[in-house]
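Enquirer: Model the full assembly from the supplied sequences, consistent with the hints where possible.
For reference, the chains in residue letters:
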Amino acid sequence: MTPGQRRWFFLAAAAGLVACYLWAFAGLPGFGNYPGPYGQEVLRQAVRQTHATGVVSAVNFEYRGFDTVGEEFILFAAAAGLSVVLRRLRRERETEPAGEAGGEAGSGTVPAASSAMRVPALLMVGPTALIGWWLASHAQTNPSGGFQGGVILASAFILIYLSGEFLAFRRLSPVVLLDAVEAVGAGGFVAIGLAALAMNLPYLDNYLPPGQVPGAVSSSGTIALISFFVGIEVAAAFVLIAGEFLEQTLLKRRSA
Amino acid sequence: MIREVVSDGLLALAVLTVAAAALGVAVMPDAYARLHYVTPAAVVAPVFVTLAIFVTEGLDHRRARLYDRHGPVPVARHDARDARPRPRRLASATRAPAGPRPAGEGEGATMIPVAAMDTLQIVALVGVAAGATVVVRTRSRVRQVLALSVYGMLLAILFFVFQAPDVTLSELSVGAVALPIVLLLAIAKVRKPEQ
Amino acid sequence: MGIVPFLVVAWIVVVGLYGIVTSRDLINQIMCLIVVQSSTYVLLLGVGYVTGGAAPYFSDIPLTTKAVDPVVQALALTDVVVEAAVTALLLSFAIQAYKRFGTLDPHELAEFKG
Numbered sequence: 001m002t003p004g005q006r007r008w009f010f011l012a013a014a015a016g017l018v019a020c021y022l023w024a025f026a027g028l029p030g031f032g033n034y035p036g037p038y039g040q041e042v043l044r045q046a047v048r049q050t051h052a053t054g055v056v057s058a059v060n061f062e063y064r065g066f067d068t069v070g071e072e073f074i075l076f077a078a079a080a081g082l083s084v085v086l087r088r089l090r091r092e093r094e095t096e097p098a099g100e101a102g103g104e105a106g107s108g109t110v111p112a113a114s115s116a117m118r119v120p121a122l123l124m125v126g127p128t129a130l131i132g133w134w135l136a137s138h139a140q141t142n143p144s145g146g147f148q149g150g151v152i153l154a155s156a157f158i159l160i161y162l163s164g165e166f167l168a169f170r171r172l173s174p175v176v177l178l179d180a181v182e183a184v185g186a187g188g189f190v191a192i193g194l195a196a197l198a199m200n201l202p203y204l205d206n207y208l209p210p211g212q213v214p215g216a217v218s219s220s221g222t223i224a225l226i227s228f229f230v231g232i233e234v235a236a237a238f239v240l241i242a243g244e245f246l247e248q249t250l251l252k253r254r255s256a
Numbered sequence: 257m258i259r260e261v262v263s264d265g266l267l268a269l270a271v272l273t274v275a276a277a278a279l280g281v282a283v284m285p286d287a288y289a290r291l292h293y294v295t296p297a298a299v300v301a302p303v304f305v306t307l308a309i310f311v312t313e314g315l316d317h318r319r320a321r322l323y324d325r326h327g328p329v330p331v332a333r334h335d336a337r338d339a340r341p342r343p344r345r346l347a348s349a350t351r352a353p354a355g356p357r358p359a360g361e362g363e364g365a366t367m368i369p370v371a372a373m374d375t376l377q378i379v380a381l382v383g384v385a386a387g388a389t390v391v392v393r394t395r396s397r398v399r400q401v402l403a404l405s406v407y408g409m410l411l412a413i414l415f416f417v418f419q420a421p422d423v424t425l426s427e428l429s430v431g432a433v434a435l436p437i438v439l440l441l442a443i444a445k446v447r448k449p450e451q
Numbered sequence: 452m453g454i455v456p457f458l459v460v461a462w463i464v465v466v467g468l469y470g471i472v473t474s475r476d477l478i479n480q481i482m483c484l485i486v487v488q489s490s491t492y493v494l495l496l497g498v499g500y501v502t503g504g505a506a507p508y509f510s511d512i513p514l515t516t517k518a519v520d521p522v523v524q525a526l527a528l529t530d531v532v533v534e535a536a537v538t539a540l541l542l543s544f545a546i547q548a549y550k551r552f553g554t555l556d557p558h559e560l561a562e563f564k565g
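Taken in order, these protein sequences are the chains called F, E and Y.
Here the numbering used here is used: the first residue of the first sequence is 1, the next is one more, and so on.
Here the numbering used here is used: the first residue of the second sequence is 257, the next is one more, and so on.
Here the numbering used here is used: the first residue of the third sequence is 452, the next is one more, and so on.
Hints listed in this document are in silico derivations from the structure and should not be mistaken for laboratory results.
Some hints could be false.
Unchecked claim - Label-pair distances were calculated between CB atoms; the ranges are:
id : chain 1 : residue 1 : chain 2 : residue 2 : range
1  : E       : Gly314    : F       : Trp23     : 15 to 23 Å
2  : F       : Pro29     : E       : Val300    : 31 to 39 Å
3  : F       : Val85     : Y       : Pro557    : 16 to 24 Å
4  : E       : Thr295    : F       : Ile74     : 20 to 28 Å
5  : E       : Val300    : Y       : Ile512    : 49 to 57 Å
6  : F       : Arg6      : E       : Val300    : 21 to 29 Å
7  : Y       : Ile512    : F       : Val84     : 42 to 50 Å
8  : Y       : Pro513    : F       : Met117    : 42 to 50 Å
9  : E       : Leu291    : Y       : Phe552    : 48 to 56 Å
What the hints assert, rightly or not - Covered by chain Y, according to a simulated footprint, are these stretches of chain E (three or more residues, beta-carbon under 8 Å):
id : segment
10 : 379-390
11 : 396-402
12 : 405-417
13 : 422-433
14 : 437-447
The beta-carbon is built from N, C-alpha and C at its ideal position, and this holds for glycine as well.
Expert: If you want it as C-alpha cells, here you go:
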C-alpha cells in the first residue's frame, strides 16, 4: 500500500471515528453540567471525614487509594523494564567516564556546557529540591501531592547534570541507592495499607488520627504519609530513567 | 430465564478462549508465536464478557442498581419527562447528618464572571488544538521536542482555566523536565553514528 | 460552549493518529502518541467541570462553595506522571531497535522478523 493510499484509507477511517465520537458526545450532559452524584458526595464528606482541605489528594490517597497503588506500580514497572531493556548488550562496552561531560572525555561529540547554563542550574538545585520536598509532604493542604513533588524533586537531580557535572550526578545518585529508595517508596505505600489490615481494618483504611484542624500539616491521617512515600518513589523512578538514558548517550559505545 | 442461559454461554466462551490462549502460550516454541496467542485472551474474551453483561443488565443505564455495604440502595428513578439526568441523592447520604448543602447557582467562588471564564476556556481550547496540529506537523525531531514543550505549557494553561491546579502542576513539571530530557537523550543516542 | 471541549478532544485524537500513521520515524511516532494521550486529560477534565465552580481546595474558601469534580482531577493527575514514564519505556525500545537494526523507519522495521 503506497503512502498516498494509506493516507486516504486513514482519512476515511478517521471520518468514521469522528462520527462515533460525536454520537457519543451528544449523549453527554454538556460541558459544565456535571450530573454525577459521586463527585458531589465526595466534596460534601471529604473535609469533614479526613480533615484534609485538598480534596483531590484525599480522593487520590484515601477514597481511591487502591487505584493509586496500581498507578504507582505502573510507574515502578516502567522504570524496572527500562533498566532491563537498556542493559549492556554483548557488543557494547562501557567507556570510563573520564573528565566532565564536555570535552576531554574522548568522544568530542558532546559540546561543553556554557556558563550561562551551568551557573543558574547550580543555583536552582537547592530551591528545586526544597520545593519538591514541600510539595510531596503537603498533599492535604493545597494543590500538591506525591506525584508532582516527586517529579520536581527528580528535576533537581537533573539540574545537577545540566550544570555540567555528569560525574557528580552519577555519584549523588548511584543506581543501588535509587533502586533502594524506589523500593522503599513503593513498598511503604503497600505496607501502610497492610498495617491497616493488621489492625482489623479494611486495606488502606485511614487509621492515623485525623488531627484537630482541617488542613494542618499533621492532620489527615495516612494521606500525608502515603503522599510522602509516593513522592520519593516517583523521584527515584525518574532519576533512574534519566540516569539510564544519560549512560546510554554518554558512556556506552559499540566496540569495533 | 433465557437471559441467564445466554449470558452463561457467553461467559463459558470467554473462559474457553482464555484457556485455549493460555495453552497456546505454554506450548509454542518461541516468543513471537507466543505473542500471537496473547491477543485472543486480551481482546476476544473481554468482548464476550461485555456481551454477557449487556444481556444481563440491559442497555438502559437507568436500570442499574447501586450498592453499598448493606445491600442495594433505592435510587430515585428518572422521570420519562426529564431530558437531562439531575444529580441524585444516595440513600446513604441521609443516614449520617448530611454536611453543609452545596451552594446554589449564583454562589460560585470564582471571582471572574462566567462569561469571561467561558471566553478564557475557549481561547485555551483553540490554543491546544492549534498546538497539537503544530506538534504533529513538525517533522524535524529536535524542533518537535520544543513544540511538545510549548504544547505542554498550553495544556497547563487549559487545565488551569478548567479549575484544576494540581493537574496543571503535574503537566508543567512533566512537560518541561521529564519528557524533554528523555526525548532529547534518545534523539542524541540515535543520531550520532555508533563508534 | 456545551460541546466545544469535546470537539477539541476529537480533533486532537484524529490529528495525533494522523501523525502516527503518516510518520517515517519511530521517535516522531512516539511524540504523536504523547499528543493522543493528552486528549484523554482534556476529556476527563471537561467531563468533570461545573459551570461557576471553583477548584476543590477548601483551605481558604467556605466549604459550601460550588466546586468542580475532584475525582476526575485525581485520575488525570496520576495519568500525566505515569504516562511520562511509559513514554520513556517506549523510547528505550526505540533505542534498542536502532542499535539492533540501524534504522528507525517503521516501514523498514516491519520487514524484520526478529
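Enquirer: Evaluate each hint against the coordinates.
Expert: Checked hints:
no.	hint	result
1	E:Gly314 <-> F:Trp23: 15 to 23 Å	20 Å, holds
2	F:Pro29 <-> E:Val300: 31 to 39 Å	33 Å, holds
3	F:Val85 <-> Y:Pro557: 16 to 24 Å	18 Å, holds
4	E:Thr295 <-> F:Ile74: 20 to 28 Å	21 Å, holds
5	E:Val300 <-> Y:Ile512: 49 to 57 Å	50 Å, holds
6	F:Arg6 <-> E:Val300: 21 to 29 Å	27 Å, holds
7	Y:Ile512 <-> F:Val84: 42 to 50 Å	48 Å, holds
8	Y:Pro513 <-> F:Met117: 42 to 50 Å	46 Å, holds
9	E:Leu291 <-> Y:Phe552: 48 to 56 Å	18 Å, violated
10	379-390	holds (count 6)
11	396-402	holds (count 3)
12	405-417	holds (count 4)
13	422-433	holds (count 5)
14	437-447	holds (count 6)
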